[in-house]
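Following this note's numbering, the numbering of the sequence shown begins with 1 at its first residue and continues without gaps.
Keep in mind that the hints were calculated from the coordinates and are not lab data.
Please note that a few of the clues may not be correct.
[Claimed, not checked] Below are the EDC-like pairs computed for lysine to aspartate or glutamate, each with C-alpha atoms no more than 16 angstroms apart in a straight line:
1) Lys42 / Glu11
2) Lys42 / Asp10
3) Lys42 / Asp28
4) Lys42 / Glu18
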Amino acid sequence: MCLICGWIYDEEAGLPDEGIAPGTRWADVPMNWSCPECGARKDDFEMVAI
Numbered sequence: 001m002c003l004i005c006g007w008i009y010d011e012e013a014g015l016p017d018e019g020i021a022p023g024t025r026w027a028d029v030p031m032n033w034s035c036p037e038c039g040a041r042k043d044d045f046e047m048v049a050i
């Protein structure tokens, strides 16, 4: 979950529009990736249980 805006990355869905295939684990998302909602860096995300 993005600590800036609250957007949640869903590993099952991925982000095909940004080149991240469904099923891509969070650990495999590139470090230079940024939040599609607010532009925050991957470092600004924290794992949350859903």
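Now for the hints, and whether the structure bears them out:
1. Lys42 / Glu11: holds (14 angstroms)
2. Lys42 / Asp10: holds (14 angstroms)
3. Lys42 / Asp28: Distance of about 11 angstroms is within 16 angstroms: holds.
4. Lys42 / Glu18: Holds - the C-alpha atoms of glutamate 18 and lysine 42 are around 14 angstroms apart, at most 16 angstroms.
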